[in-house]
Amino acid sequence: MHARWIVLTRRWHRWAALVLGVQLVLWFVGGLVMTAIPIEYIHGDHLAHAGAHVDKPLRPQDFAPLRAEAVAGALSVEPAYVQGRAVYRVQAATETYLLDAKNGSRLAPLSAEQVAAAARAAYTGEAPIAAVDRLTEAPAEAKRPVPLWRVRFADALSTTFYLAPADGRILAKRSTLWRAFDVFWMLHIMDYAERSDANNTLLRTVSAAGLLLALSGLVLVGNHYLRRRA
Amino acid sequence: MSPAIKSLHRWLGLLVGAQALLWLLSGFVMALLPAEEISGARRFVLKAPPAALPAVTADVAAVLARYRPQRLRLLTVNGQARYELTTGDGRRLIDANDLEPAPLDEAAVRALALAAWRGVGPIRGLRLERERSLENRRHALPVWRVDFASEAEDRLYLDGVTGQILGAGNRAAELFDVFWMLHIMDYRARTDFNNPLVIGAAALAVLLSLSGAWLLGPVLAGLGERVRRRDEAPISLLRDGTVIDTVRARGGETVFELAERAGYPLPSSCGGGGSCGLCRVQLSAASPVGDEERRCLSEHELAHGWRLACRQPVRGASTLALPPAAFTRRWLKARVVAKRFLSPSLVELRLRLPEEAAFAWRPGEHVLVRSPAFEVRLADLGPPAPVRAYSIANAGDEPDELVLLVRLAMSSTPGAPLGRCSAYLASLRPGAALPLSGPYGNFHVRHGHRPLLLLGGGAGLGPLRSMLRDHLLVRGDRRPLTLWYGTRTAADLAYAGEFDALAQEHGQFRWHTVLSEEPADSAWRGARGLLPDVLASVYTPAEWQAHDIYLCGPPAMVAAVSALLHAAGVPDEQVFIDEFN
Numbered sequence: 040m041h042a043r044w045i046v047l048t049r050r051w052h053r054w055a056a057l058v059l060g061v062q063l064v065l066w067f068v069g070g071l072v073m074t075a076i077p078i079e080y081i082h083g084d085h086l087a088h089a090g091a092h093v094d095k096p097l098r099p100q101d102f103a104p105l106r107a108e109a110v111a112g113a114l115s116v117e118p119a120y121v122q123g124r125a126v127y128r129v130q131a132a133t134e135t136y137l138l139d140a141k142n143g144s145r146l147a148p149l150s151a152e153q154v155a156a157a158a159r160a161a162y163t164g165e166a167p168i169a170a171v172d173r174l175t176e177a178p179a180e181a182k183r184p185v186p187l188w189r190v191r192f193a194d195a196l197s198t199t200f201y202l203a204p205a206d207g208r209i210l211a212k213r214s215t216l217w218r219a220f221d222v223f224w225m226l227h228i229m230d231y232a233e234r235s236d237a238n239n240t241l242l243r244t245v246s247a248a249g250l251l252l253a254l255s256g257l258v259l260v261g262n263h264y265l266r267r268r269a
Numbered sequence: 097m098s099p100a101i102k103s104l105h106r107w108l109g110l111l112v113g114a115q116a117l118l119w120l121l122s123g124f125v126m127a128l129l130p131a132e133e134i135s136g137a138r139r140f141v142l143k144a145p146p147a148a149l150p151a152v153t154a155d156v157a158a159v160l161a162r163y164r165p166q167r168l169r170l171l172t173v174n175g176q177a178r179y180e181l182t183t184g185d186g187r188r189l190i191d192a193n194d195l196e197p198a199p200l201d202e203a204a205v206r207a208l209a210l211a212a213w214r215g216v217g218p219i220r221g222l223r224l225e226r227e228r229s230l231e232n233r234r235h236a237l238p239v240w241r242v243d244f245a246s247e248a249e250d251r252l253y254l255d256g257v258t259g260q261i262l263g264a265g266n267r268a269a270e271l272f273d274v275f276w277m278l279h280i281m282d283y284r285a286r287t288d289f290n291n292p293l294v295i296g297a298a299a300l301a302v303l304l305s306l307s308g309a310w311l312l313g314p315v316l317a318g319l320g321e322r323v324r325r326r327d328e329a330p331i332s333l334l335r336d337g338t339v340i341d342t343v344r345a346r347g348g349e350t351v352f353e354l355a356e357r358a359g360y361p362l363p364s365s366c367g368g369g370g371s372c373g374l375c376r377v378q379l380s381a382a383s384p385v386g387d388e389e390r391r392c393l394s395e396h397e398l399a400h401g402w403r404l405a406c407r408q409p410v411r412g413a414s415t416l417a418l419p420p421a422a423f424t425r426r427w428l429k430a431r432v433v434a435k436r437f438l439s440p441s442l443v444e445l446r447l448r449l450p451e452e453a454a455f456a457w458r459p460g461e462h463v464l465v466r467s468p469a470f471e472v473r474l475a476d477l478g479p480p481a482p483v484r485a486y487s488i489a490n491a492g493d494e495p496d497e498l499v500l501l502v503r504l505a506m507s508s509t510p511g512a513p514l515g516r517c518s519a520y521l522a523s524l525r526p527g528a529a530l531p532l533s534g535p536y537g538n539f540h541v542r543h544g545h546r547p548l549l550l551l552g553g554g555a556g557l558g559p560l561r562s563m564l565r566d567h568l569l570v571r572g573d574r575r576p577l578t579l580w581y582g583t584r585t586a587a588d589l590a591y592a593g594e595f596d597a598l599a600q601e602h603g604q605f606r607w608h609t610v611l612s613e614e615p616a617d618s619a620w621r622g623a624r625g626l627l628p629d630v631l632a633s634v635y636t637p638a639e640w641q642a643h644d645i646y647l648c649g650p651p652a653m654v655a656a657v658s659a660l661l662h663a664a665g666v667p668d669e670q671v672f673i674d675e676f677n
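Chains D and W supply the protein sequences, listed in that same order.
Heads up: the first sequence begins at 40 in the working numbering, then just goes up one per residue.
Heads up: the second sequence begins at 97 in the working numbering, then just goes up one per residue.
Since the hints were made in silico from the structure, they are not lab data.
It should be emphasised that the depicted structure is a prediction, and the values quoted were computed from it without experimental measurement.
Glycine residues also receive a C-beta, built at the ideal position from the N, C-alpha and C atoms.
Be careful, since some hints might not be right.
Below, computed lysine-lysine pairings styled on BS3-like, alpha-carbon distance capped at 30 Å [stated by the list, open to error]:
id, chain 1, residue 1, chain 2, residue 2
1, D, K212, W, K143
2, D, K141, D, K182
3, W, K143, D, K182
4, D, K95, D, K141
5, D, K212, D, K95
Short, incomplete list of chain W residues facing chain D, as computed with Cβ under 8 Å [unchecked claim]:
id, residue
6, A144
7, P146
8, A358
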C-alpha cells in the first residue's frame, strides 16, 4: 500500500483509539470476566441444593378430587408437597396459590419464618440470614411476579434468594458474581438504563467505529511485517 | 519502554487482531439485527396467556394410582383439559375426563401454530424432532417444528408433548446464530462461552487494548500541546538553503506530519511509525534522541543532527531543511538494459528510466528499489523486505542511465540463502521492470579547495565511482582525488581496468586497492590487510587534515576509519560518511 495510505490509516487508528479506547478496554475486560467465570456460578447453582425442589413421590391417598369451582379461572394445577403438606399448586393469571389437597381450602401465604426456613434449607452455605423482606415491587435484579420474598445471607458474596410467597419456591438466586456480570453486560451492550436493549444506536455506532479501528490495526500490522525496512 | 510496549502491541495484534476484528464485526452485526426479528416476535404471538381450564372435576388420585408419575400437571391443550405427566420414561398427555392417553396430533399442532402466526404464508411442513440439533438446542425434547412458506423462512417450535409455544426461528436468526458462534468462539455447540479458547483470546485482547492505551499517552500529550500552543510561529521550509514555502505548525505535530501536510511527504514505508528509518531529516544537533533513532541512525549521524522526522515534534524551530527526497515521491518504472557480474559477489545493473522522469541526481545519492514480494518464489516467502536502498554508481556523463551495484548478500553460514532483495535483483534480465524512487541522500561531494580522499569497501565502491567520474569527466575538477578501495581478494576487484584508464588520462586521479583475504602466495603486489590498518600506516595526521574525506562502506570499516580520523584530529566538517547496513 502507498505510504500515504499508511499515514492516513495510522492517523485514523490513533484518533479512533483515543475516542473509543475506554470502551474497547471495557469490552475486552468485560469479555474476559464474563467468559472466565463459569456461567453456573453466575446463575448461583452452587448457592442452593440442586434437589431442593424435587418432591417426594406423589401418593394417591393424599389428594382428594379437585372440584371444578375450586379452580375456576386457573391456568394449571399441580399436586405437590410443600413443607410436608399435600397441596394443589394453582397457577392463575395473576397469582400462584396453594389449596389444601384434602379439603380444597385455600392456604394462607407462608409466614416470614416459613420463608426463612425454606431459604435456609436450600442454602448450601453456613452464613446466617441477614434480612428477610416481603417486596411488593420487583427489584431490578429479579423481575419476578410480586409479592415476593427476599432473603439475604450474611456471606462474602451477598447471596440473595427470591422466593414465591405461596410455597417458598426459589424464583431467583443472586450474588456479587451475578451483579458484577450484570454490570459488565450493561457495559458490553452499552444500554445503561435497562441493561437489555442490544440494538441501541450507541452500541451500533461505537461497534462500527471499533470495527474500522480493528481493521486499521490489522492493516498496520500487516504493513509492518510484510514491508520491513530496507 | 515505549518501543517494547509498541512491539508487544504489534505482536498481540498479529495474534488476536483477527479475532478482535471478528468480535467487533459480530458485535456490530448482532447490534444491527433487531431482537424482535431474531426472536420471531414480529410474526408470531410467542407469549399468549394460556387458556383457563375448562370445568372439570379432577380425580387426581386416580391418575396417580394408574400412572404413578413423578410429576403431574392439569392444563389446557388446544381447548381440552389434559394431564401432563412425567414418569421415568418421559412426558405424556392424558385426557382429564377418561384418563386415557391423548397425544397431541398433527392437526392440533397445526391449529396451535396457525393461531400464533401473524405473518403471510401457509404452513410448509411440520415434524416432531426427537434428536438434538443446533437449532432446537434451546428447547427440551421432543419438540414440534413447524415451517412456514414465508419470505423470512419463519419456523415455530412447540413443546412436543403439550404444544406450548417455545420459540421461533428464521433466516435472520440463523445469521445471528453464526455471528454469535464467532463471538463466543464455540464452533460446535455454539453454547459454551466459558471455553478456554475464548478466555485465552479475551486475555490477550485485554493486553492488546491496555498496551494500546499505554501508547496513546504521547498522543494525549501531543493533544494537550496542540491546545496549549494553538498559534505556532510560521516555519520556513528550505530546499538547498532556499526558502520555498512557509507553513504554520500545529502544536504537537511531528516534523513528518508537518512535511506531509505541507505537501512535501518524506519517504516512509511504515507511515510514520518509527520503524523503517527512511524519513531522516537534519535538525539541530541538540534535538532529543529516541530509541527508534538510536536503532536506525549511526552515532555519527545523530551527532550531526540527523533524526527521524516521525519521532521529532515540531518544537520551537523556525526553519526546516527538507531533504531532496521530499520532492521526489513518485515511484518510477525503470527497465534493466544490461547486467553483468563485476566479481563473483558484485553485480552491475544498468537501468534506463522513462524519458519523462527528468531524473537528476548528485553523485553519492541513492535510490529505493522495490522488489515485488509476489514475484519471489512462494517457497521463499518469509517476512519479505521488498524496499531497499542502492547507491547510484554512475555520473552525469551518462544522464539517461542509472548504474546500481548489487552486492550479493551472503551469510557467513555455509549454505544459507542469499539476501532476498539482492538475489532478486541479480536474477533480473535485460528488459525486466524495476520500480524505484529517488534520488535520496545527503552523501555528495561538497564544494571546496582541499584535495579529496575517497575511502570505501564492498559495494561502497558504487557511490565513490559516481563521485570520481563526476569529478573527472563531468566537472573536470583539477583538485587531486585519491581512491582507496578495500575488498577481500583480487577476484573481488571491480572496475580495475576502468580506473587504470582514468588514472592515465587524468593526472589528478590516483587509486589503490587493499586486499584482506588474498592468499599469501598469489601474484598480488599491492597492499594487503584491512583498509583502516593500511591507511593508518600511510597518512600522517597532518596529511589527513589536509583532505576532504568521503567514506562509504560496511559498518565495521566505517567505524574503524572514523576512529582513525578522529584520532588524527580531522574536523568533522571535512568528513562525509555513508554507512551501508
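Against which earlier hints does the structure fall short, listed by number upward? Violated hints (numbers, rising): 2, 6 and 8; every other hint is consistent with the structure.
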